[in-house]
Amino acid sequence: MSSYTLDARRMLCPMPVIKTQDKVNELQAGDQLTVICTDPGALNDIPAWCRINGHKVLETKEQDDEVIVIVEVGNGT
Amino acid sequence: MLATKAIMEQGIHVEGINFFTGFCVEGHTHAIRKKDKQKPKRNNALWVAEQLGIKLHIVDVIEPYKDVLLNPKHGYGANMNPCLDCKCFMVSKALEWIKEHDFDFIITGEVVGQRPKSQRAQTMPIVQEESGAGDLLVRPLCAKKLPPTLPEREGWIDREKLFEFSGRSRKPQMALAEQYDFKDYATPAGGCCFLTDETYSRKLVDMWQARSDRDYDLDDIMLLKVGRHIRPRPHFKLIVGREEGENKYLEGYKKQFTYLRSTSHTGPLVLVDGKLSSDDLELAARLTARFGHGKTAESVDVEAVFPDGATQTLSVEPIAPSQLKEEWYV
Chain A
1 MSSYTLDARR MLCPMPVIKT QDKVNELQAG DQLTVICTDP GALNDIPAWC RINGHKVLET
61 KEQDDEVIVI VEVGNGT
Chain B
1 MLATKAIMEQ GIHVEGINFF TGFCVEGHTH AIRKKDKQKP KRNNALWVAE QLGIKLHIVD
61 VIEPYKDVLL NPKHGYGANM NPCLDCKCFM VSKALEWIKE HDFDFIITGE VVGQRPKSQR
121 AQTMPIVQEE SGAGDLLVRP LCAKKLPPTL PEREGWIDRE KLFEFSGRSR KPQMALAEQY
181 DFKDYATPAG GCCFLTDETY SRKLVDMWQA RSDRDYDLDD IMLLKVGRHI RPRPHFKLIV
241 GREEGENKYL EGYKKQFTYL RSTSHTGPLV LVDGKLSSDD LELAARLTAR FGHGKTAESV
301 DVEAVFPDGA TQTLSVEPIA PSQLKEEWYV
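Residue numbers (the numbering used here), protein chains in the order written: chain A, 1 to 77; chain B, 1 to 330.
Simulated from the structure, these hints should not be mistaken for lab results.
Note that this is a predicted model, so its numbers are computed, not measured.
There may be inaccurate statements among the hints.
[Claimed, not checked] Straight line, CA to CA, 25 Å or less: simulated BS3-like cross-link-like pairs of lysine-lysine:
(1) A:K19 - B:K255
(2) B:K254 - A:K19
(3) B:K55 - A:K23
(4) B:K161 - A:K23
(5) A:K19 - B:K248
(6) B:K66 - A:K19
(7) B:K161 - A:K19
(8) A:K61 - B:K325
(9) A:K19 - B:K93
(10) B:K183 - B:K5
(11) B:K161 - B:K5
(12) A:K19 - B:K225
(13) A:K23 - A:K61
(14) A:K56 - B:K55
(15) A:K19 - B:K183
(16) B:K183 - B:K55
(17) A:K23 - B:K93
Let the sequences and hints guide you as you build the complete structure.
Spelled out as structure tokens, the structure:
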């Protein structure tokens with residue numbers, strides 16, 4: 001299992017989701033990806049994308065006007 | 001949503017594709033503006049996919065979409081919306097996608113006669129032909145109004161279970177939504193693209209004219225969604241944050257643009273798009289002062305910060321309302 005970080009600050013919906021999707025597609029099942037965003041919509045959109053595409057959201061938090069979503073990559077089913 | 005459900009009801013595996021052109025209206029301004037913070041910020045495509053229980057693939061087509069916008073073979077709609085070319089483009093991209101991912105055909109929610117430009121009986125075959133999809137493109141909601149497609153002829157899907165909706169009325173779709181027990185769905189009247197918006201289209205054309213170049217990047221088209229755009233001279237415009245959320249968003253562009261802000265009074269962040277002479281800088285500072293809390297003061301201090309980090313502070317009289325010309329507003 002490896003951990004990665006994706007900087008999606010200043011991007012507006014749906015770019016944080018697209019960047020998350022593209023990065024997750026490069027990773028292995030079990031890898032963790034921390035996505036840092038400034039669009040509050042990411043707090044809903046990234047977890048929704050994870051739910052429908054078989055990935056797990058380990059944590060979401062808001063701090064200092066940033067939204068952080070930690071994703072565990074699933075096996076895509 | 002209805003078209004997908006109709007096909008899924010036949011036991012067929014469906015996945016969604018959503019194309020992001022940069023002009024999609026997905027609550028961007030709600031995301032930026034502080035006063036809209038309480039409004040729901042859901043991405044409709046993701047929400048629909050989740051309601052249907054299907055996967056969704058969001059595809060960034062910002063770069064290839066430029067050619068659609070700049071050179072639409074079939075022209076524009078009421079504003080800068082190249083709807084028919086857009087439809088052909090998206091179906092062609094969907095065709096590429098299904099070939100890469102081993103899917104058999106494409107479905108869309110189009111209905112004959114529903115849209116004045118891209119969903120007329122005469123234009124629907126154009127989408128099939130120019131996208132290259134041909135009869136791999138199925139429109140489940142109006143299939144019975146159209147010639148049978150390959151999946152229907154081959155029996156992959158049962159044509160008899162598809163629909164024959166037509167015209168601008170959404171009542172048959174609403175009845176079908178009720179039948180499928182869909183309680184909530186995106187507004188049926190569209191409005192999902194900024195290019196259909198008159199004000200946005202005007203700002204886009206203004207940007208192209210000022211630059212004598214119709215190229216653009218994502219930042220350009222995002223900034224057109226934010227702030228007041230004021231062009232007091234042909235060679236520069238100001239983007240004036242209207243509230244805290246917009247000011248915060250514009251701060252993300254401080255390294256790319258000259259920007260101004262009052263230091264003696266609270267007020268907006270103002271980005272400058274274009275090059276300023278010293279006279280222009282004074283005018284920009286007076287305009288900046290006008291939109292801040294010092295608008296009635298005799299003198300307001302305005303700091304200009306240039307992309308190289310250099311700064312200059314000007315003490316200026318806010319421009320009088322009578323001098324702020326209506327035609328400067330883009």
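Given the hint that K56 of chain A pairs with K55 of chain B, test it: the Cα-Cα distance must not exceed 25 Å.
Between K56 of chain A and K55 of chain B the Cα gap is close to 14 Å, so the pair holds against 25 Å.
Are the Cα atoms of K19 of chain A and K255 of chain B separated by 25 Å or less?
holds (23 Å)
K183 of chain B paired with K55 of chain B [C-alpha distance capped at 25 Å]
Holds, at about 21 Å.
Pair hint outcome, K19 of chain A versus K93 of chain B [Cα-Cα no greater than 25 Å]:
Within the cut-off at roughly 19 Å; holds.
Pair hint K183 of chain B and K5 of chain B, alpha-carbon separation not exceeding 25 Å
Holds - the C-alpha atoms of K5 of chain B and K183 of chain B are around 14 Å apart, at most 25 Å.
Sort out whether K19 of chain A lies within 25 Å of K161 of chain B, counting only the CA atoms.
violated (38 Å)
Take a quick look at whether K161 of chain B and K5 of chain B sit within 25 Å of each other, Cα to Cα.
holds (12 Å)
Starting from K23 of chain A, check that the Cα of K93 of chain B is at most 25 Å away, please.
holds (21 Å)
Would you mind confirming whether the straight-line C-alpha gap from K23 of chain A to K61 of chain A stays at or under 25 Å?
Satisfied, since the Cα-Cα distance of roughly 20 Å is no more than 25 Å.
Measure nothing beyond the straight line between the CA atoms of K55 of chain B and K23 of chain A; if it is 25 Å or shorter, mark the hint as holding.
holds (17 Å)
Given the hint that K19 of chain A pairs with K248 of chain B, test it: the Cα-Cα distance must not exceed 25 Å.
holds (22 Å)
Given the hinted pair K254 of chain B and K19 of chain A, is their alpha-carbon gap at most 25 Å?
holds (23 Å)
Checked against the numbered hints given earlier, the structure breaks hints 4, 7, 8, 15 and satisfies all the rest.
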